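Visitor: Given the coordinates of chain B, assemble chain E onto it according to the supplied hints.
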Amino acid sequence: MCRNLWMLLVSTLMITCLLASPISYSAKKIAVSVAHEVDLSSVERKSGNAPTSADPIFFDVYTQYPAPFGGQGEDKPSDMFWPQKELILYVNATYAGWPEQNVNAAFEILYSNGSCCSVLYNLTDACGVAFVRTRLPWPCDNSSDLFGKWTVIATASIAGEVANDTLVFLYDYKVRIWDTTNTDKAEYKHYEEILVTLNHGSLAMQPYEITFTFTAIDASGFPFGFSYVTVGIGGAAWDQYKNRTLQLTLHVVKWARPPTGEIHIGGLNALPWAGGSSETPEHVLQIYILVE
Amino acid sequence: MKCVLLSVRATCFSLLSMLSLALIMCPFAPVAAQLSINVTTEKTDYHYRELVRVRGNVTSDGSPIGEGLVAIQIQDPGSKTIALRTVQANATPSENWAVEIVSFISIDNLGNPESIFEKEGFAYFKAHIRNSDDFSSRTVLLTITLFDGDSTPFMFQWMRTTIEPQESLEEIVGLYVDDWVSVGEAAAYVSVYEDWPSLGGCAYCPGESVVFYVTSATQAEPMFHVSSTTQKMLDFSCSSFEMEVRLPPQAPLGRYTITCSVLSDSARSSGTTAFNREHNLPGDIIFDRKIDIFDAVTIAAAYGTQGGEPWWKPMADLNADAFIDIFDIVIAAANYGTSY
Chain B
1 MCRNLWMLLV
11 STLMITCLLA
21 SPISYSAKKI
31 AVSVAHEVDL
41 SSVERKSGNA
51 PTSADPIFFD
61 VYTQYPAPFG
71 GQGEDKPSDM
81 FWPQKELILY
91 VNATYAGWPE
101 QNVNAAFEIL
111 YSNGSCCSVL
121 YNLTDACGVA
131 FVRTRLPWPC
141 DNSSDLFGKW
151 TVIATASIAG
161 EVANDTLVFL
171 YDYKVRIWDT
181 TNTDKAEYKH
191 YEEILVTLNH
201 GSLAMQPYEI
211 TFTFTAIDAS
221 GFPFGFSYVT
231 VGIGGAAWDQ
241 YKNRTLQLTL
251 HVVKWARPPT
261 GEIHIGGLNA
271 LPWAGGSSET
281 PEHVLQIYIL
291 VE
Chain E
293 MKCVLLSVRA
303 TCFSLLSMLS
313 LALIMCPFAP
323 VAAQLSINVT
333 TEKTDYHYRE
343 LVRVRGNVTS
353 DGSPIGEGLV
363 AIQIQDPGSK
373 TIALRTVQAN
383 ATPSENWAVE
393 IVSFISIDNL
403 GNPESIFEKE
413 GFAYFKAHIR
423 NSDDFSSRTV
433 LLTITLFDGD
443 STPFMFQWMR
453 TTIEPQESLE
463 EIVGLYVDDW
473 VSVGEAAAYV
483 SVYEDWPSLG
493 GCAYCPGESV
503 VFYVTSATQA
513 EPMFHVSSTT
523 QKMLDFSCSS
533 FEMEVRLPPQ
543 APLGRYTITC
553 SVLSDSARSS
563 GTTAFNREHN
573 LPGDIIFDRK
583 IDIFDAVTIA
593 AAYGTQGGEP
603 WWKPMADLNA
613 DAFIDIFDIV
623 IAAANYGTSY
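Heads up: the sequence lines are chains B and E, in that order. Just so it is clear: in the first sequence, position 226 is 226 by our numbering, and no numbers are missing. To get our numbering, take the position in the second sequence, counting from 1, and add 292.
To be clear, the hints were calculated from the coordinates, so they are not data collected in a lab. No experiment lies behind these values; they were computed from the predicted model shown. All C-beta atoms in this analysis are idealised placements derived from N, C-alpha and C, irrespective of residue type, glycine included. Mixed in with the good hints, there may be bad ones.
As the list claims (entries may be wrong) - Sample of chain E residues at the chain B side, in silico, Cβ under 8 Å:
#, residue
1, Ser-398
2, Leu-402
3, Gln-449
4, Arg-452
5, Thr-453
6, Leu-461
7, Gly-466
For reference, chain B alone in the conformation it holds in the complex:
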């Protein structure tokens, strides 16, 4: 009798498992969607004052990007910035949930090497928010040395205490064309196709569009093949390049002049006629054009 009951139990369990399978499928779907959310867990926690019952002061510094990309909230980092991009820094100061008005907030911006770039100030408004504007520098020499992890330290005196918060953001090209970008071979005859493999990466967490241009030029400088591809970038986890690959073909026309050729690859935020500008240094590949 006991065995019968046990077998009945096993059968019931099996039926339940089979009937439950659609539920597990939908659960998997949800898991996939969660996986696409921005992963900020790897970010190191910085100093900051959270609104706790013990500490009524809330003081948060963030950038102009929409949440969560601007670093809104406790010690969250901001999405990346690129050369000459305007940087707007905000602080939100409250005491026991009420806005702290007319508080002089100081913003210290530090280069990636830790030295001071600038210190800016502003008063909080009726909402307890103060902001300053600046622009990321791009000096004439060794500009790319400035790339890296920048830090913003914001402070203000609230109820006789110095409230502070720290924000970090990354400074880099919006998109990078990696050196692994190549052609399938070195020498091409007329009527052949050049297979270009573009490897690009970006630190951007937010989605942006980039137009990659591919222009083939023969030995005398004549362009003989081109293609423009607009793709989405972004979706990176903080401080981790999101890398992608794009392959395409360019045709070697019969009038391409030997013996050498070049493939010029660039990345723009839009084509120049549409008001776009370059977002990354040009990458040039050398090829040889053969005559049969």
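Guide: Chain E alone, transformed into the frame defined by chain B:
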């Protein structure tokens, strides 16, 4: 003994439960249909600029399928793809495509719509595709094939990348129109695949096409002759499909492979066939292995015509300049009277 009997009873009960459960679940369990695709050409050997008619049909468990997408890839002896298109077998499937072609247009070099392009210049096209999937990124192979009015594929371009969920991709490409291309109506076909059909990839969605016109720089007025052979799809009934491809003038000799892959109701299949591009002596227009009066008459009938005109014969354009003139006569006359 009683214990053994109880054990047998319990086992029988368990088996019975499982059997009844299997019977209940059976109608709901997806049964994999046996999808098969058959592809053939009219003959096995083809000559200079001859028309290759690719035919095939798709069946599911031996019956014609209701709807499906067929990818047709033609590779030359060097495995270079010369044409790749998506055609419908029977009706166009009405699904929500994971990747879709949002738009495909011909443009000028400033991005404005344009449908007339000169030979020995670039024709520009803009393709916009989108990954409509909410969760999965997709690797896409975007291909553009240009056919002239003689059904000759004269340019093939492809691009492959990964598109994130709900993201789109736009490609603007300039494709060179060679001097041997027939003037008149031409067509550009864009398709999106998971991978090359020769590697088992299927089409993501139906292909799109755009008609444009090729003109000659020497032509006073653009001539818009509508060719009767421009990529017509003859019979969609009974799950059959057909595509016409004329071999380009520079098509190398050797064995050409045609690979077809089909996706229908989540089932997939692929099939291949091959044909040979055989050598023929210049001047053998009717492919009877000798150059005689019949070839001369055929060239004479087409004399003075250019690509796209009613009496135009691509096989008689022996120097591949899209005109049948004295230079073609000279080439044929040099071999007159010979057989091979």
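Visitor: Please verify that hint: Gly-466 of chain E, Cβ, nearest Cβ of chain B, below 8 Å or not.
Guide: holds (5 Å)
Visitor: Can Leu-461 of chain E be said to touch chain B, with a Cβ gap under 8 Å?
Guide: It holds, given that the least Cβ distance between Leu-461 of chain E and chain B is near 5 Å, below 8 Å.
Visitor: At a threshold of 8 Å, is the proposed contact between Ser-398 of chain E and chain B supported by beta-carbon distances?
Guide: With Cβ-Cβ at 15 Å, over 8 Å, it is violated.
Visitor: Given Gln-449 of chain E was flagged as interface, is its beta-carbon under 8 Å from a beta-carbon of chain B?
Guide: holds (5 Å)
Visitor: Have a go at the Arg-452 of chain E hint: is there a Cβ in chain B nearer than 8 Å to its own Cβ?
Guide: Cβ of Arg-452 of chain E sits 4 Å from chain B, so the hint holds.
Visitor: Hint Thr-453 of chain E vs chain B: min CB-CB distance below 8 Å?
Guide: Where the cut-off is 8 Å and the nearest Cβ of chain B is about 4 Å from Thr-453 of chain E, the hint holds.
Visitor: Would the hint on Leu-402 of chain E stand, with a C-beta cut-off of 8 Å toward chain B?
Guide: This hint holds: Leu-402 of chain E lies near chain B, its Cβ roughly 6 Å from the closest one there, short of 8 Å.
Hint compliance for this structure: hint 1 alone is broken.
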